[in-house]
Amino acid sequence: MKPLGGPKDSRGGTATDGDPWKAHVLLQLRRRDREQCRRFRDLVCAYSGLLDKSGATDWILASGRRGAVSPSRAQLKKAAGELAYQVVERQQQMKMQDDVLEEQRDRLLQDERRLAGARDLRLQLRLRAERLGERNGRLKAEYDALMERQGRAERRLREEKLRGSGLLEDVMALKRQAAARLNQRNHRRSRAQDVNLQKELQTAATSQVNVDSSLGGARWRCLALKKKPAEKSPAEIQADFLLLPFLRSAPASHVSPRIPASIRDLFERRRGRSRPAAEEEEPARPVRVPAAARVPGRALHVLEAHEQGVNAAAFCPSSALLASAGTDRVVKVWQVRAGALRHQTTLDGSTEGLTCVQFDPTGHRILAGSYDKSALLWCLDRPVAKLTLTGHGRKVTAARFSRHQVVTGSADGTVRMWDLQRAACVHLAQASSFCSDVVCSENVAISGHFDRKIRLWDTRLSSCVRCLSAQGKVTSLDLSADGRHLLSCCRDDGLQLLDVRRWSHRGAAFRAEGFKCASDSTKVAISPDACFVAAGSADGAVYVWNVSAGNLEARLADNHSASVSAVCWSSSGEYAASVDKKGRAVLWSDL
Amino acid sequence: MSACLLGEESFRQCCWRFLKLSDRLRDGWSWEPLQGSEEGYMRKTALRSVSVNSGPTWNPHGSRSDKESPASCHCAAATEQADVDGTHDDLDPGYDDGVVSGGGSRVLRLEYHILYSCSYMAPVLYFRASTLEGRSLSLDQVWSCVHPSFRSRLQRSPLTTITQQEHPLLGQPFFMLHPCKTEEFMRPVLQLEREQHGQMNYILTWLSAVGPLVGLDVPLKYSTLQPPASPPEACLQPS
Amino acid sequence: MADDKDVLRDVWFGRIPACFTLNQDEETEREAEPYYLLLPRVSYLTLVTDKVKKHFLRVMRAEDVGEMWFEYEGTPLKWHYPIGVLFDLHASNSILPWSITVHFKNFPGQDLLHCMSSSVVEAHFMSSIKEADALKHKSQVVNDMQKKDHKQLWMGLQNDKFEQFWAMNRKLMEYPTEEAGFRYIPFRIYQVNGTHTSTPLILESSQGTEKRYQVVIHGIEPLMETPLQWLSEHLSHPDNFLHICVVPAPSD
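Residue numbers (the UniProt record's numbering), protein chains in the order written: chain X, 1 to 591; chain R, 1 to 239; chain Y, 1 to 252.
A hint or two may mislead.
Unchecked claim - Which residues of chain Y face chain R? A few of them, derived with a C-beta cut under 8 Å, are:
1) LEU57
2) ARG61
3) ASP64
4) GLY66
5) HIS80
6) LYS105
7) ASN106
8) GLY109
9) GLN110
10) LEU112
11) ALA123
12) SER127
13) GLN140
14) VAL141
15) ASP144
To be verified - So the derived label-pair ranges between C-beta atoms look like this:
16) X:SER54 to Y:MET155: 28 to 38 Å
17) Y:MET155 to X:GLN86: 33 to 43 Å
18) X:GLU35 to Y:GLN191: 20 to 30 Å
19) Y:MET224 to R:PRO188: 21 to 31 Å
20) R:GLU8 to X:SER54: 16 to 26 Å
21) Y:MET155 to R:GLU184: 26 to 36 Å
22) R:LYS181 to Y:MET155: 36 to 46 Å
23) Y:ALA249 to X:ASP106: 28 to 38 Å
24) Y:GLN191 to R:GLU8: 20 to 30 Å
25) X:LEU50 to Y:GLN191: 49 to 59 Å
26) X:LYS77 to Y:ARG30: 39 to 49 Å
27) R:PRO188 to X:GLU35: 17 to 27 Å
28) Y:MET155 to X:LEU50: 55 to 65 Å
By construction, these hints were calculated from the structure, which means they are not laboratory data. Every residue gets a Cβ at the ideal spot worked out from N, C-alpha and C, and that includes glycine.
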């Protein structure tokens with residue numbers, strides 16, 4: 001059984017929530033009570049009260065009639081007075097009630113007025129809403145039209161773009177054709193030149209001249225480099241001449257290491273002719289670099305140069321400076337003085353570790369390649385990079401000065417030539433194999449690759465002139481001071497010497513028991529006089545071979561505790577330096 | 001539905017058969033249809049002489065012996081007369097008046113109505129009594145007409161017996177024998193009937209039980225006459 | 001539900017303002033003042049007019065006093081109808097307060113039931129409740145009640161005690177959960193010209209034509225879609241019947 005007042009009606013009726021009929025019943029009941037009951041309640045009560053009172057008077061009257069007449073008169077008067085008073089009172093009450101009624105009527109009137117005002121307002125608002133709706137409609141139409149126009153404009157834009165790209169392609173194709181024609185012409189010309197040269201050489205070779213052969217070579221080289229000497233002022237040349245003998249200890253000068261020794265010889269010879277007094281210092285000897293390299297035998301200075309591994313080191317060709325570049329992203333420049341290395345400056349700016357380092361011939365600028373796919377150029381007097389050459393797709397493994405240009409090789413398999421004035425890439429060669437090192441000669445660039453190839457490029461890098469196989473992945477290259485000998489190091493733990501002119505291997509590889517090429521970027525060095533070659537091994541020893549004898553000259557162990565990553569030789573041949581993967585650098589000499 | 005209750009249609013049929021018997025016995029029952037509807041009721045008027053206690057309250061023990069004999073006398077006379085001269089009841093009053101008034105008692109004009117109560121699904125006996133001058137009797141006066149042997153028992157629960165009520169069809173005040181116990185006392189009778197497979201008339205059985213309470217006697221002839229009359233009507237009676 | 005309780009309260013506490021005046025034919029010692037009273041709709045005239053009687057008896061000689069009865073515009077008022085029904089049926093469109101004439105002689109025995117004491121009202125009231133329960137629950141609930149429960153219903157009505165009455169009456173308004181409502185809905189329909197009847201009356205639909213009749217319960221017109229079960233539970237009179245008056249619609 002369900003309790004009363006529960007939701008029974010939900011079963012009896014159709015509607016459970018809302019129940020309009022229920023609300024209706026309640027409303028009607030309330031209205032009924034208002035109309036029938038409440039209005040009369042006070043009236044009935046008041047009437048009953050009055051009736052009781054009048055009943056009392058009746059009783060008084062009756063008792064008065066029954067009893068003595070005289071005393072009742074006073075009572076009657078009193079009662080009449082009371083009644084009169086009551087009448088007055090009632091009248092006052094009535095008046096008050098009337099006032100209240102009036103007030104309520106006023107209020108009703110006000111309410112009605114307010115209602116009328118509200119109705120007007122509603123009407124106005126509705127009108128406004130309609131107007132707004134119309135305006136909205138108009139705006140919408142305009143908006144739609146604009147949208148359509150925009151769509152049309154966009155379509156047209158797309159078409160125009162398409163047409164523009166087509167035009168651009170046409171232009172590019174035309175340009176390419178023009179470039180190809182130009183290249184062909186250049187190629188033809190250079191071939192003709194080569195043929196001429198060849199002929200000249202042949203005639204020169206066949207003619208029995210007593211003059212020693214280096215002179216002819218020098219002349220040839222003079223022809224090839226005719227621009228450079230011409231550029232140099234006589235004063236500079238003179239300075240070169242004066243300072244050359246003091247190279248070992250002289251302050252920074254402007255001697256270019258790019259001028260091969262033979263040319264220097266030539267100059268010396270001329271100078272010697274014009275100024276014989278100078279011959280006391282350095283007697284003119286054919287094809288000999290005055291500073292004969294010494295076999296390093298003793299560690300002059302061992303120091304922890306970098307916080308992390310050192311990847312490369314290079315001596316300044318014109319002053320006693322050593323630069324080392326490491327994984328710790330900086331290049332440190334050391335003064336070599338009295339058989340010791342003294343820190344001079346630190347160059348930073350790379351966002352990744354550095355792979356290689358080189359001084360320019362003047363010794364003023366330093367070039368380094370970086371893992372951050374760029375090559376950086378510093379001036380020695382400023383620790384902040386002057387130029388950043390970006391464009392390679394992977395790390396830059398090699399960066400070399402080549403006259404007023406820079407050649408870089410990268411892991412992305414390309415070799416690029418940069419114009420330093422514009423800091424822009426001017427030539428690009430695709431080798432399609434990891435390029436591990438690049439060296440530059442007068443008008444050629446030579447690159448070593450992981451596909452066991454050593455490639456020779458002309459200076460514009462427009463074509464691969466020669467290609468030679470190596471025994472393994474080439475890790476580094478080094479060129480002798482005269483530019484004739486190229487030393488290469490391969491992962492098969494052997495070093496090999498190459499005659500650049502003949503473009504052939506000169507004899508067997510330099511190997512030694514215990515020598516092991518430590519990494520893909522192990523850098524080896526050839527002495528400036530091309531008499532010795534040096535390489536660092538995975539066991540931390542530096543091996544030095546005699547070139548002419550082909551045997552191991554020295555094994556310098558115990559100073560490195562990690563694999564040696566690079567060896568370099570000073571241009572005077574007096575010092576050699578080696579750096580290892582733990583950040584240590586060792587300065588060697590023969591003493 | 002219990003077989004002890006009476007449907008409206010069965011009520012009609014029972015009335016119909018009862019009326020046929022009444023016609024044959026000239027008992028004075030008639031069917032009064034209500035104007036403008038299908039409803040109606042059975043009606044009978046009778047005269048009866050009783051000694052009237054005119055006091056406002058009635059003393060159940062005071063006048064028991066006085067009323068017993070006249071009431072029974074009259075009824076016997078009325079039926080006898082109807083049998084003999086074949087005249088209708090309505091013609092009787094003058095005669096009755098003359099006979100009975102001399103005995104120190106009054107003649108009452110009694111009007112009995114048998115109606116159907118759909119609330120209780122049972123027949124209800126309504127009646128009113130008036131003097132020949134047309135003055136209605138009060139409830140107390142009516143009580144005084146009830147046979148003393150019933151009176152004390154009935155009066156113990158006044159709510160369930162005789163009360164004054166409005167006649168549902170006429171809207172006039174009538175006395176009524178309350179039907180709320182009807183089913184209770186009819187049930188054993190009906191069950192007995194059914195066991196014996198007798199052809200009985202609910203109205204007849206019921207009326208013979210309640211009629212005597214208010215001076216309405218049902219002659220035995222109704223039952224004795226029934227066998228020859230019943231066969232053709234047996235099929236009409238629903239179970 | 002609060003709404004339902006409110007409905008019950010409003011139904012119970014419905015009042016009609018009435019002005020009782022003595023019939024001019026009555027012989028009085030002096031002029032009788034009219035008597036005003038708020039009549040409870042759900043009660044019976046003879047149950048709430050003790051004060052009226054007392055009021056008028058003051059001006060009457062005891063020997064002239066017969067059974068008191070009431071009349072409105074020539075119609076004797078049947079006390080055994082609830083007051084609200086009488087008002088809705090005869091005077092719903094008249095001006096308030098309801099003007100009732102009081103008589104002390106010439107009791108219309110042909111029209112009115114006698115009512116000598118409140119016990120007669122009680123008998124009538126209880127009889128109605130029983131009949132209603134016979135319809136609703138085959139008399140099971142009312143028969144299960146004890147004598148004192150019956151008394152509580154009656155006393156609740158007599159003393160106008162809403163809570164007391166409903167504490168008991170709620171039992172009469174319950175029905176088995178498995179059923180949708182009462183067996184039958186007890187109701188009476190009243191028309192001015194005729195009598196009350198328990199048979200259904202088909203109201204002609206007022207669509208299109210002018211509304212000729214009002215269906216009034218407790219002085220209001222519920223919507224026609226109101227569920228009958230709910231009506232029976234909430235708008236029934238204390239006698240458990242739904243008293244429905246069909247009266248002519250006001251001509252204005």
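* To do: Against the structure, test the hints numbered earlier, and report the numbers of the ones violated in rising order.
  => Result: hints 1, 2, 3, 4, 6, 7, 13, 14, 15, 19, 20, 22, 25, 26, 27 and 28 break, sorted rising.
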